[in-house]
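Asker: What follows is the residue order along each chain.
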Amino acid sequence: MSGAPATLAPVERRITQERLVEYADASGDHNPLHLDEEFARGTPYGRTIAHGMLVLALVSELMTGSFREAWLRGGRLKTRFRAPVFPGDTVRATGTLKGSDGATATYDVAVTNEGGENVITGEASVTLDA
Amino acid sequence: MDLSTLEPGDPLVDRDIVITASMADAYTRAVGDECALYAEEGLVPPMAVAALVMAEAMEAVSLPAGTVHTGQELTFSRPVTVDSAVRCSATVAANSVRRGTRFLTLDLRGELDGQPAVEGRAALAVPEADG
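Chains A and B supply the protein sequences, listed in that same order. Per this note's numbering: the first sequence ends with 754, consecutive numbering throughout. Per this note's numbering: the second sequence ends with 126, consecutive numbering throughout.
Only chain A is shown next, with the shape it has when bound in the complex:
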């Protein structure tokens, strides 16, 4: 692909406890904060929360959707996890072009929850195919 769209096609996903269990098995991250309701009740969150890397995967999916292998060969992400995502939440990843010099495109990226709260914010850059 050449050029950089002004906005990227959003990616939306419902996060369920079943998804957290599947992700734990697939990634090897079995932190009980994500899996054990009883443990999570004793934390400041009061219940289980999604793995940060699971939610961040939506941003990578967002970039792959527009840039395909270019993202895999020349993608950069710099993000902060701003708020927890709870089972039952539907989250949405979006990207807005911040700048492009023709060789690299940089996007402001965010993942928001149903209430419009940013749960992840940051920047994603991709080296554009010639």
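If you're looking for bench data, these hints aren't it; they were derived computationally from the structure. Don't take each hint at face value.
Counterexamples of contact, computed for chain B against chain A with all Cβ distances above 10 Å [as the list claims (entries may be wrong)]:
| id | residue |
| --- | --- |
| 1 | Asp(-3) |
| 2 | Ser(-1) |
| 3 | Pro6 |
| 4 | Val13 |
| 5 | Ala16 |
| 6 | Gly27 |
| 7 | Pro41 |
| 8 | Ala88 |
| 9 | Arg93 |
| 10 | Gly95 |
Some chain B residues judged to face chain A by a derived CB distance under 8 Å, without partners named [to be verified]:
| id | residue |
| --- | --- |
| 11 | Ala21 |
| 12 | Leu32 |
| 13 | Gly37 |
| 14 | Ala46 |
| 15 | Ala50 |
| 16 | Met53 |
| 17 | Ala55 |
| 18 | Thr62 |
| 19 | Gly66 |
| 20 | Leu69 |
| 21 | Thr70 |
| 22 | Phe71 |
| 23 | Arg73 |
| 24 | Val77 |
| 25 | Phe98 |
Only a predicted model underlies this, so the values are computations on that prediction, with no experimental measurement involved. Cβ atoms here follow ideal geometry from the backbone N, Cα and C, with glycine treated the same way.
Given the structure of chain A, go ahead and fit chain B onto it with the hints provided.
Answerer: Same frame as chain A, now just chain B:
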């Protein structure tokens, strides 16, 4: 592991992981990524590589259960094909304590044939034991 002993540069993980097609499929199902690119080209999602290196590092330091991921930087340089042996390594980048919380930063790296495929830096907030 006593986290207070960790210093910048300390190695945590350095081993090969072969990411099979079934591992890649399990990952894409779990995150819900239906992008056909991976199946069509026999590629592993780069976030799957990052997640595996991250999990290896977290296991190596036996992070306490309430550990929270606060930030993540990643660079993807080469596509990883299924059944490739990825050299996974992680080192400590920073380690400090402020107001009862340990802030641990880890450098992560997944290499193919000696060349970086996925590199990154993870920031973690680790609850310190009371007292």
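Asker: What are the numbers of the hints the structure violates, in ascending order?
Answerer: 6, 7, 13, 17, 24 and 25
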